[in-house]
Every structure is written in structure tokens, then in C-alpha cells.
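Given only the sequences and the hints, what does the whole structure look like? Please build it.
There are 2 protein chains.
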Amino acid sequence: MKQSQLFTKTTKNIPKDELAKNAELLIRAGFIHKEMAGVYSLMPLGFRVIKNIKNIVAEEMEKIGSEEIIMSTLQNKEIWQKTDRWDDEKVDVWFKSQLKNGNEVGFGWSHEEPITEMMKSFIVSYNDLPRFVHQFQNKLRNEIRAKSGIIRCREFIMKDMYAFCATDEENMNFYNKTTEAYLKVFKRVGLGDITYVTSASGGLFTDKFSHEFQTICETGEDIIYINKEKNIAVNKEIYNKENLEKMKMEMKDFEEKKTAEVGNIFNFGTNKCEQMGLYFNDKDGSKKPVYLSSYGIGITRLMGVLVDVHHDDKGIIWPGEVAPFDYHLISLAKTDEEKKEAEKVYEKLKQIGKEVLFDDRTNKTAGEKFADSDLIGIPVRLILSTKTLEAGGLEIKNRNENESKIIKIGELLH
Amino acid sequence: MKQSQLFTKTTKNIPKDELAKNAELLIRAGFIHKEMAGVYSLMPLGFRVIKNIKNIVAEEMEKIGSEEIIMSTLQNKEIWQKTDRWDDEKVDVWFKSQLKNGNEVGFGWSHEEPITEMMKSFIVSYNDLPRFVHQFQNKLRNEIRAKSGIIRCREFIMKDMYAFCATDEENMNFYNKTTEAYLKVFKRVGLGDITYVTSASGGLFTDKFSHEFQTICETGEDIIYINKEKNIAVNKEIYNKENLEKMKMEMKDFEEKKTAEVGNIFNFGTNKCEQMGLYFNDKDGSKKPVYLSSYGIGITRLMGVLVDVHHDDKGIIWPGEVAPFDYHLISLAKTDEEKKEAEKVYEKLKQIGKEVLFDDRTNKTAGEKFADSDLIGIPVRLILSTKTLEAGGLEIKNRNENESKIIKIGELLH
Numbered sequence: 001m002k003q004s005q006l007f008t009k010t011t012k013n014i015p016k017d018e019l020a021k022n023a024e025l026l027i028r029a030g031f032i033h034k035e036m037a038g039v040y041s042l043m044p045l046g047f048r049v050i051k052n053i054k055n056i057v058a059e060e061m062e063k064i065g066s067e068e069i070i071m072s073t074l075q076n077k078e079i080w081q082k083t084d085r086w087d088d089e090k091v092d093v094w095f096k097s098q099l100k101n102g103n104e105v106g107f108g109w110s111h112e113e114p115i116t117e118m119m120k121s122f123i124v125s126y127n128d129l130p131r132f133v134h135q136f137q138n139k140l141r142n143e144i145r146a147k148s149g150i151i152r153c154r155e156f157i158m159k160d161m162y163a164f165c166a167t168d169e170e171n172m173n174f175y176n177k178t179t180e181a182y183l184k185v186f187k188r189v190g191l192g193d194i195t196y197v198t199s200a201s202g203g204l205f206t207d208k209f210s211h212e213f214q215t216i217c218e219t220g221e222d223i224i225y226i227n228k229e230k231n232i233a234v235n236k237e238i239y240n241k242e243n244l245e246k247m248k249m250e251m252k253d254f255e256e257k258k259t260a261e262v263g264n265i266f267n268f269g270t271n272k273c274e275q276m277g278l279y280f281n282d283k284d285g286s287k288k289p290v291y292l293s294s295y296g297i298g299i300t301r302l303m304g305v306l307v308d309v310h311h312d313d314k315g316i317i318w319p320g321e322v323a324p325f326d327y328h329l330i331s332l333a334k335t336d337e338e339k340k341e342a343e344k345v346y347e348k349l350k351q352i353g354k355e356v357l358f359d360d361r362t363n364k365t366a367g368e369k370f371a372d373s374d375l376i377g378i379p380v381r382l383i384l385s386t387k388t389l390e391a392g393g394l395e396i397k398n399r400n401e402n403e404s405k406i407i408k409i410g411e412l413l414h
Numbered sequence: 001m002k003q004s005q006l007f008t009k010t011t012k013n014i015p016k017d018e019l020a021k022n023a024e025l026l027i028r029a030g031f032i033h034k035e036m037a038g039v040y041s042l043m044p045l046g047f048r049v050i051k052n053i054k055n056i057v058a059e060e061m062e063k064i065g066s067e068e069i070i071m072s073t074l075q076n077k078e079i080w081q082k083t084d085r086w087d088d089e090k091v092d093v094w095f096k097s098q099l100k101n102g103n104e105v106g107f108g109w110s111h112e113e114p115i116t117e118m119m120k121s122f123i124v125s126y127n128d129l130p131r132f133v134h135q136f137q138n139k140l141r142n143e144i145r146a147k148s149g150i151i152r153c154r155e156f157i158m159k160d161m162y163a164f165c166a167t168d169e170e171n172m173n174f175y176n177k178t179t180e181a182y183l184k185v186f187k188r189v190g191l192g193d194i195t196y197v198t199s200a201s202g203g204l205f206t207d208k209f210s211h212e213f214q215t216i217c218e219t220g221e222d223i224i225y226i227n228k229e230k231n232i233a234v235n236k237e238i239y240n241k242e243n244l245e246k247m248k249m250e251m252k253d254f255e256e257k258k259t260a261e262v263g264n265i266f267n268f269g270t271n272k273c274e275q276m277g278l279y280f281n282d283k284d285g286s287k288k289p290v291y292l293s294s295y296g297i298g299i300t301r302l303m304g305v306l307v308d309v310h311h312d313d314k315g316i317i318w319p320g321e322v323a324p325f326d327y328h329l330i331s332l333a334k335t336d337e338e339k340k341e342a343e344k345v346y347e348k349l350k351q352i353g354k355e356v357l358f359d360d361r362t363n364k365t366a367g368e369k370f371a372d373s374d375l376i377g378i379p380v381r382l383i384l385s386t387k388t389l390e391a392g393g394l395e396i397k398n399r400n401e402n403e404s405k406i407i408k409i410g411e412l413l414h
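So the sequences go chain by chain: Y and U.
Heads up, the first sequence is in this note's numbering, so the first residue is 1 and it goes up one at a time.
Heads up, the second sequence is in this note's numbering, so the first residue is 1 and it goes up one at a time.
Check before you lean on any hint, since a few could be wrong.
Where chains are identical, the list cannot tell them apart; a pair therefore holds if satisfied intra-copy or between any two copies.
Said to hold, decoys possible - Below, computed lysine-lysine pairings styled on DSS-like, alpha-carbon distance capped at 30 angstroms:
1. 236 x 77
2. 51 x 2
3. 350 x 287
4. 54 x 350
5. 258 x 397
6. 230 x 369
7. 283 x 21
8. 348 x 21
9. 77 x 12
10. 369 x 348
11. 120 x 187
The hints are simulated quantities; they were obtained by calculation from the structure and are not laboratory data.
All figures in this text were calculated on a predicted structure; none of them were measured in a lab.
Shown next, in the form of C-alpha cells:
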């Protein structure tokens, strides 16, 4: 894409009420636009990052057998009353409105209930199990205070997946598979080394339980305790002497870390399906409730955590697989011939399948272009100038390194 | 995809209040699930069709230079007050709710205002124009009565595109380009022959105007008048003697047809940007308002129109480019050897890049499988059975034809 055509611009101005580093950098670089507190829209650069994250997550979910669907935002009161989660006293993040006939409707902050209800149309016998479905959904939550930039929003994209199983074993099998798939996702997006699976509420030693995926991050809202050597992490809720003793460890074995929750997995057992009336006929003819587990990854939140973790004082440093482009090609061409050469490199890189942001702007200084490039944070910067052409090609530099070198144009294309 | 794994099932039952053919067939075949009146979720098959339609539309919009973004569902009251469109008396489809602090928020039924407001951060001078952006947005509209299945919903996916231009000429240039791009889209999705561009409100002979793309469709809500020979269509609003005289035509030259609106394009001139305060500094230093035009295609509606147009009494007949799969491979294999052969064909078709729904179910009769196949409507049906293998390969039949023939497996793979 030609930067002269990109409608967003970098800016030094950020909204006065914006305190979070992720939102500051994403707004300054033109990835997101603030609509109101806790509500951001995605500009072309941000749209590209989210698309990459979604692709990675979708791939890993499909690999473990999940099918993609998309549920509605508008929510049916009667469905949520079955689990007593329509009541604002029980769930305090509902946005609600009314149809013209006066009937109340809600706006989806979660989709366990409607997906379970929908499955009642399709799950009848043991033959229909197990079933795994996921969606990338725009969730709406009426948070008292939106904070931490795009880490905790009133509107955000979430991948939520649901497993419907006939037995506890089948359910646990998928639970374990998903844990592996999630770790792959966090590795691919560039958070592998600093993301831990922690046991959360329900605890380590009961059969109703949940796990969280926590990424070490100075701006995170959570606290976990880790033992790097043994690769064990415990979240604050269950970090006490009694639990540690059961693990044959002591408090001195753990380090306290600030973290952001990037994923969570819940095992509901048969509880939710009993409430909702989702049963199946087993081989022996008996009627049994379905096991349900649910699996979330905050997609827009992940973009925020990535920025909080991967940046320096000049801007963002995107990991390769999620970056909006592979190369930032900066033209400092002066003559028509040099300009043609820059165009040629741009076209050839596209031909070999590379995503390129081509800074072809003629009204910016070299300094301005370099500053924009550092702020936007594409992994590899290429410069084409009189000097680099004389030296035999282009200057190549990785965003996360200081050293640059000259590379022949031909070399780049192989 | 293996049909034994697909969680949806075909059914003969449809919701009692469902009158529209499109929703009836889409529900019976498992493409959509009804959440409430006018609200449907997309099941895996429907998700695939919508993805294909979105890809076609995105490709054609990118070709004419538009950049993809995604705005928020939550809407800021103050922005809509600028054009006096917050008031329920002026706009009667708002869903509204309140933040915890009592401030009102709306839910996006359209995005002209927030996109124009957002552009104020990026458009300053003539250098920044023209700019074209589009999004695939989940729109929420509080319709008094949702009807016509997924043709008129309370929640639906729309592609909306916006052109911001410096001059009327630039604006008209893009308007004309988009008309061409839209005709390409409707051709690619399989509605080319029966979709007409009609002049709508504002009329043929003023400079404020709009056009609609209307598809001939028995279940449509609109009426247009067409002259096939001259390829001219006029919508009801402006179909009167006076206007026809200006076109040197008479009422007897036109045929009345029921249609569904599948796209629309509006020219706002500088009106909207003046209201919203979007101005730019022109070359001569003067401050001028930006020209705006907007361009919609109803994505989920398009799926409904496709079904209303392309079906028979057995089910849906998907046009190739939007079909959920290229092939429906039906295994009637009896022996292990035949089953292996069916698996092999499935794997090989996938290897050459074909999308295949593989009916590997062992608990269905041949008749049930054929009925499901006709209902789901994948363009090409392949049958593998003892009989077809003996005859030299597979039976191949197009969904929209009655004739079948035997094709060698090798031939199919070339």
C-alpha cells in the first residue's frame, strides 16, 4: 500500500483522558480512533493487525476441530432468564434497550446462553457429540469505568469457543487440546516467552475449575506468582500457604509479576446445560446432560497487550506474524529515475507476495519518514536513496535492532 | 469438511412465524438460526456464504481504491446531534441505552456521522483528498416489524463505503466508478442479468440524487419499471409522465416488476460535511467543505435475495462464486475399499484447492443424502457408489440440471 494513499496520519496529539500506553501509541500511529471512553474504531493499520491475529486464532481453532459461526448482538431476554443472568443485580454489564412493542432486548456481553440454546436444535443423541464451535464476536459491556486503553473496553472483539461433550473425559480431552492450541497462538503472536497458564477460581484441586492465560506486562491489571525454573504460575486468588504446600512449594519459590489476562478457559461441567435444558440420548437410551466448557481470547485486547509489551520510546515494535506489513519501504528518491527504481522495488516485493507499506510521500523530510516508521513499527525498514543506490542497493534495518546494512535489490527478492 | 462433523442438520421444521422463502430454506438447510423476529445467527454454512460475498465485495471496493476499517457499534450522542439525527422523531430505528453514569449511548444503525467526524482528524488540506473507506458492519435497527426473512432485519451485515472528495467532479468520478464496481459485484454473486440501476429520490434531473440497485425478485418489497431493450429502469417514486417525457419515453415502453433493493448510492454534495464541520484548505488557501457520497450493499440481505431468486421446490441452488462449497461429494460406499476410495477422492479434491462437503455419514440412506444435497444447494454433486465405481468413476451432476454423467476420478482432478 502506498503511504500517500493511507488516510490516517501519525500525530503527536492524543485524547486528554487517554492514560494507557497501548492506546497512546495506537492512536498516535493511526491504528485506532477513539469514539468515546472505552470505545475505539479500527483504522486500516489496526484493521490489518486484528485480521492477522484473527487468522492465527482461527487457524489454531480449526486445527482442533472447531467450526466458525457468528451469533447475534441482540439478545433474547427469555434465554438469559433460564440461568438467572438477565437480572442487572446478577450481571452488571448489560446494555439493554426496548423493541417498539415494549419488549426488552439485551446486547451481547457473552454468548454461552444463546449458543447453548441454539445447540438444542442440533444435539439430540450421542451421535451428535462432541461439537466445537467458535466465533469472533463484537462484545458490548457496560463497564463502570473503561480503562487501560484497549485492554478493558465497553466494546471489543473476542474469540469465544464452546465445547459440547458427552462425557467428562471427552470434555477434559478438548480442554487439554485447547490449552496447547492457546499456547501456540500466544507463541505465534509474539507473547510465547512471557505468557503463563495459571489456575484461577475453583482452584487447583477441585473438579470445577478454570484457567487463565496471563502475559507479564507492566501495565497489566492482574498479579500472578511465577516460578520460572519449574514454569509454574499461580494467580493471586489461590496464592496461599495451604495451596502452595499441596504443590510442595513455598512462597519464597515465587516471584510476583504484573500481568494482563489474554485468554481464559472454563469448565462448566454439566451445570449450564442442565439449567438450559440441553440433554442428549446416550447409547443405553438414557437421557443425560451435555458437558460444556468455554474458551475465550480477547482479540482487540491482545493487540493492546502486544503494544504494551513490544514498544520503545520511539514507537511500536510489531512481532512478524501480526505486523500490518512485512516491509516499510521508504523512498528518499530525488530524481525521476530513482523514483522509478523505488516503484519497481515496491511492485516486485508485492509480486513475491510481500505486504509492503511504501512511503512514497513527497511532502515529508527523511527525518519525518523515519520517525513515522519507528512509530508505526513494521518489523523491517528498507530505505532507497541516492546514497543507498550508490552503495549497491537498499538499506535494510530491523525495527528491533540498531544495525543497518546495504542489501542488493536482487538479494531481497529471493 | 466432513458432513458427519458439521453440527447443523437439515430439518423440516421452521419457526411458526417465518413466512419468507429465503429464511425458510436457509433455516431448513442449516445456514442460519433464528434468535428472535428479525435476528438470525450464521451457522457454519451461512458463515461460508457470507464470507464469500464479503470477499467479492471487498475485492471490488479495494480495486477502486477504498481502504477497509471497522467503526464501533456504540454511538456518541453528541456526534449525531450535529445533524439532528439523534432525535427519535427524526430517526425512528434507534436502539438506545445508558452508560452507568446516565449518559445516553446509541447503537449504530448507520455510520455516516461517526465516519465523517473521524475524518476530521485526518483531512486538513487538498493533499488529503480524495479518500475512500469502507467497512463490513453489523447494523442494528429497531424496525417496527421485521419481515421478509433476512431481507429486512433488526440486525444485519452491511458494507458501507464513503467517498470524501475535494470537488464535485472528483466525487462524480468515484460515483461512476462505484456504479461499475457494484454491477461487477452483482454479476459475480449471480444476480447480473436481473439487477438494474434505477434513479431514486432526488430524481434524474437534479444534482442531488441517489441510485438504487434493484434485483427482480418475486418476494421483493419494491416495484420498478423496466425497459429491457434499452436496459433502462425507473423506480416507482419517479415513474410519472413528466419524467418519462424528458426521457422521450412513454408508460407503454415499461414493464412493472417486483424487486429487492440490493445496493444504493447517495450523493450528499457538501451538505453533510458542512453540518459536521469537515472542511479542507484548498490550493488557493481558501477553506472549503468536503463532498461526500455513500455507498451501501446489504450483505446478509444479498444472501436472502440469492435464495429467493435461485431455488426450486427441492431447495437452494447457489451460484458458483458464493456457494459454501464447490462440490458435494456423497459417499454411498458399502465396503471398506469403497470407503477408502471415497476418502481418497475427498483428500485429492482438497489438495487441488477445491472446497468440498463430504457426506461420509453412515446413518443416512441414499435418498436422505440426495434430499439434503438438493436442499443445501452446492453447485456440483458427486456420487461415489458401487455402481459408479463399476461404471468407471463418479456420477457428476450440476444442481441446476437434471442430466448426470459418469466422470473418471482422474478427469475430475485436472
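Structure-based check of all given hints:
1. 236 x 77: neither (35 angstroms within a copy, 40 angstroms between copies)
2. 51 x 2: Classified as both; 19 angstroms inside a copy, 27 angstroms across copies.
3. 350 x 287: Result: close neither inside a copy nor across copies, 58 angstroms intra and 38 angstroms inter.
4. 54 x 350: Intra 22 angstroms, inter 23 angstroms, cutoff 30 angstroms: intra and inter.
5. 258 x 397: neither (32 angstroms within a copy, 61 angstroms between copies)
6. 230 x 369: So residue 230 and residue 369 fail the 30 angstroms test inside a copy (45 angstroms) and across (54 angstroms) alike.
7. 283 x 21: neither (56 angstroms within a copy, 37 angstroms between copies)
8. 348 x 21: neither (36 angstroms within a copy, 50 angstroms between copies)
9. 77 x 12: between (45 angstroms within a copy, 27 angstroms between copies)
10. 369 x 348: Within one copy, since 22 angstroms is at most 30 angstroms while 49 angstroms is not.
11. 120 x 187: neither (36 angstroms within a copy, 38 angstroms between copies)
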